[in-house]
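*Asks:* Residues per chain are reported as follows:
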Amino acid sequence: MSLGPSLACIGLMGKYDNPLHIAIFEPHSAVESAHLEFSFLLNASLDIFELRASDRNRVDQDLGMLQAIDERLSTWGWQTGTGTKFAVIVDMWGKQGRPSTGSAIKGEDLKPVFKALQTAYIRLLQNPFYTPDDHTPMAAVRSRGSAGEIKSKKFIAEVKRIGDVWTPGLEKF
Amino acid sequence: MASNKAARDGEKIWKTNVDKVNAELVTLTYGTMVAQLCSDFNHKYGEVNQQLDKMGYNIGMRLIEDFFAKSGVQRCGNLRETAETISKIGFKMFLNITPTVSNWSADNKSFSLIFDENPLADCVELPNDGRAQDELWFSNIFCGILRGALEMVQMQVEAHYVADVLRGDETTEMRITLLRYMEDEMPPDDE
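Same order as they appear, the protein sequences are chains A and B. Just so you know, we're using the working numbering here: the first sequence kicks off at 28 and counts up by one. Just so you know, we're using the working numbering here: the second sequence kicks off at 69 and counts up by one.
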């Protein structure tokens, strides 16, 4: 297992700020309340998404670091042209869960992550049996119960792979 | 020997004689159509397979003419030659793939086409409703196309999928069985 920073959580939010998929990685995945806690963190980042995305001078989909939560966790964001948001929470302590002497994370380090996530998302959208309209808050209300989250096994597995293998400086997944 | 020549011919025809379209266009169009059929037929996948086969049959009957015009292929001497032509020239010419011909039966009347790649099924993940994985043959239109095309050259065949990677199988395999050579003056099948 590699030392140094790793990904703690990957979150996908739709145009209506609805959660599409949340993946949590080691060592946090072992914590029972992790899903709730990371949902809060992702939720808290949505305002910053909106703020950054409304910047007229913005040319890139990459929104950079959204917030540093504490000395350990920080949230990074990416918003596509259709308003789909990718949020990545980086854990400076890494998979070991201990402070390490890794250098600071740069935006460049996370670009491949977002690119890979976007590719996975595009592939998901190209699946004819995936209907984006079924994954909005309105549809979730109609269907009662299912929250409109992504269920595709391929997509979930790919997100998990991205979160598991990423280390700073990794160019290709 | 014959197989090599077919491969060379196929390559040449693909390079020089064929108009090409964007792959995503084909994939998305076909995928949307199948998904729509599934919802139209209330996810009765047996019916969907049948519809796809029927559509394919209608395509095949027309496509064979185009195939001859562009390829200049002459009459095949036996089923082995036909199989090679289907794979190395037919599929190559229309989809730029060459499924492997294998698993010949002892009487040389049936064989399998193994698809390493399938442009129709790129990015497809079958619905996870517990039935689609067992009942739907996503690319069933191919079976109909082959049936229709071969019928126009007096060969009655039966074609069906026996495995599909979309269902979690190792390979995608189509089984084709020659039923009989039809007489020229036979009235056409009423389908």
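Since the hints were derived computationally from the structure, they do not count as laboratory data. One should not assume that every hint holds.
As the list claims (entries may be wrong) - Heads up, simulated DMTMM-like pairs for lysine to aspartate or glutamate below, C-alpha to C-alpha not over 25 angstroms straight-line:
#1 B:Lys122 <-> B:Asp134
#2 A:Lys42 <-> A:Glu59
#3 A:Lys180 <-> B:Asp134
#4 A:Lys180 <-> B:Glu203
#5 A:Lys178 <-> B:Asp108
#6 B:Lys88 <-> B:Glu203
#7 A:Lys142 <-> B:Asp175
Stated by the list, open to error - Heads up, incomplete: computed chain A residues facing chain B, CB under 7 angstroms, no partners named:
#8 Thr107
#9 Tyr148
#10 Arg150
#11 Gln153
#12 Pro155
#13 Ser179
#14 Arg188
From a predicted model like this one, the values you see are computed outputs, not experimental measurements. Don't be surprised by glycine CBs; every beta carbon is placed ideally from N, CA and C.
*Asks:* With reference to the structure, classify each hint as holding or not holding.
*Replies:* Evaluated hints:
no.	hint	result
1	B:Lys122 <-> B:Asp134	19 angstroms, holds
2	A:Lys42 <-> A:Glu59	28 angstroms, violated
3	A:Lys180 <-> B:Asp134	40 angstroms, violated
4	A:Lys180 <-> B:Glu203	19 angstroms, holds
5	A:Lys178 <-> B:Asp108	23 angstroms, holds
6	B:Lys88 <-> B:Glu203	32 angstroms, violated
7	A:Lys142 <-> B:Asp175	53 angstroms, violated
8	Thr107	17 angstroms, violated
9	Tyr148	11 angstroms, violated
10	Arg150	5 angstroms, holds
11	Gln153	4 angstroms, holds
12	Pro155	3 angstroms, holds
13	Ser179	5 angstroms, holds
14	Arg188	16 angstroms, violated
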